[in-house]
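Chain Y: place on chain H using the hints.
Number of protein chains: 2
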Amino acid sequence: MNEKTISIDVQKDLFGANEEAASKNAEIFQKHGIVSIDIMGSVGTGKTQLIESLCERLSDKYPILMIAGDLATRIDADRVGAHDVDTVQINTGTACHLDARMIHVALKDTDLSKYKVVFIENVGNLICPAGYSLGVNKKVVVVSVTEGPYMVRKHPLTIKRSDMVVINKIDLAEVLEFDVDALVDDVREVDAKLPVFRVSSKTGQGLDALIAHLGL
Amino acid sequence: MNEKTISIDVQKDLFGANEEAASKNAEIFQKHGIVSIDIMGSVGTGKTQLIESLCERLSDKYPILMIAGDLATRIDADRVGAHDVDTVQINTGTACHLDARMIHVALKDTDLSKYKVVFIENVGNLICPAGYSLGVNKKVVVVSVTEGPYMVRKHPLTIKRSDMVVINKIDLAEVLEFDVDALVDDVREVDAKLPVFRVSSKTGQGLDALIAHLGL
Chain H
0 MNEKTISIDV QKDLFGANEE AASKNAEIFQ KHGIVSIDIM GSVGTGKTQL IESLCERLSD
60 KYPILMIAGD LATRIDADRV GAHDVDTVQI NTGTACHLDA RMIHVALKDT DLSKYKVVFI
120 ENVGNLICPA GYSLGVNKKV VVVSVTEGPY MVRKHPLTIK RSDMVVINKI DLAEVLEFDV
180 DALVDDVREV DAKLPVFRVS SKTGQGLDAL IAHLGL
Chain Y
0 MNEKTISIDV QKDLFGANEE AASKNAEIFQ KHGIVSIDIM GSVGTGKTQL IESLCERLSD
60 KYPILMIAGD LATRIDADRV GAHDVDTVQI NTGTACHLDA RMIHVALKDT DLSKYKVVFI
120 ENVGNLICPA GYSLGVNKKV VVVSVTEGPY MVRKHPLTIK RSDMVVINKI DLAEVLEFDV
180 DALVDDVREV DAKLPVFRVS SKTGQGLDAL IAHLGL
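As given, the protein sequences belong to chains H and Y, one line each in that order. Counting along the first sequence from 1, when you hit position 32 you're at 31 in numbering that gives the first Met the number 0, and nothing is skipped either side. Counting along the second sequence from 1, when you hit position 174 you're at 173 in numbering that gives the first Met the number 0, and nothing is skipped either side.
Bear in mind the hints are in silico, worked out from the structure with no lab data behind them. Virtual Cβ for every residue (Gly too), placed ideally from N, Cα, C. There could be a bad hint or two in this list.
A partial selection of chain Y residues facing chain H, derived with a Cβ cut-off under 7 Å [what the hints assert, rightly or not]: (1) CYS95; (2) ASN124; (3) ILE126; (4) GLU146; (5) GLY147; (6) LYS153.
Extracted from the complex, chain H is given alone in its bound form (with noise of 0.2 Å):
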């Protein structure tokens, strides 16, 4: 039986403009006195309910826009702002992510004065949203007990580029016979610091602590 291994070399990008973009986004939160934080990972695995379920929580606290990408639709951008949240959908049409330019046109053409938290909801995809700064706070990667056991171990990098990692639905972990413990054995693997949440957005488990760790 043959059994090859193929390593591709992919030249890198050159994320010079999309760095000077996410600075500049770095600036108008810091000048607003804004929280912002990047929301990553895949199609499915929470995201907009784990926005929803923080909403909930904080609206009456702090005034939130939410910030969604999708290649199409504002499905998302409609789900959160039925919490009482603004929202702006940027429709990237088949760009795989969002980059630092897109969040800057949204946030030039928007009263920033108004807000004290932006939820930015990325393009459903565990691989390239990691590569590209927005000049957010923090970047929070989400995945489910829904998507099998190998996400982690299969994107180090998108891990590495994290500052936290969100393990949502661990409601269904029972019934999908899914083990949390060895999940997060896996991100210990590739960082043994970070910061790791099990959450259900649905039943609230686990979202306290993730708030206080996001000083909300």
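Just chain Y, lined up with the frame of chain H:
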């Protein structure tokens, strides 16, 4: 409440070099009388388990080669290899999709006269792989009831660029309260004639119909 929508125009990449390599791959497959199938879909939709289940049913009838694409690890190739199938793992590093040139490297280095079926498992990503022809006979997109209800509506281009849709893990639809009929309707909205298969790679449900449609 503000609800903005911003549409980004991304300049199209020039896929000329990829198309050229895809044509070469198509010639190679044809020359050897090989049925070649590109299996796309997000992380954790069960692409590997689908290929394992197909190999279990087909490896006595056809000699099979499986080519797996992942950023890192050879977990998927090893899983399929355990079914007495030859494998090539392509580790893409940071690249979010397989392209025709990567496949060409794998094919050039392999004695293809030995095989009648080649399964290519693309990188786990519902967006980027759809943009790159590999030179295969059929492009299959796998979605799963674990991904929430919006993955088809949010990714119409991926659906349009596929030859068929596999809705996987339908054994979990009830426990996840997932409406499979509504998802089929979403596919029909994008392409009324696209073949859709309701499958559980775990229980085997729906696999015979899929195999028949693939002509295997």
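### Violated constraints from the hint list, given by number and in increasing order
none
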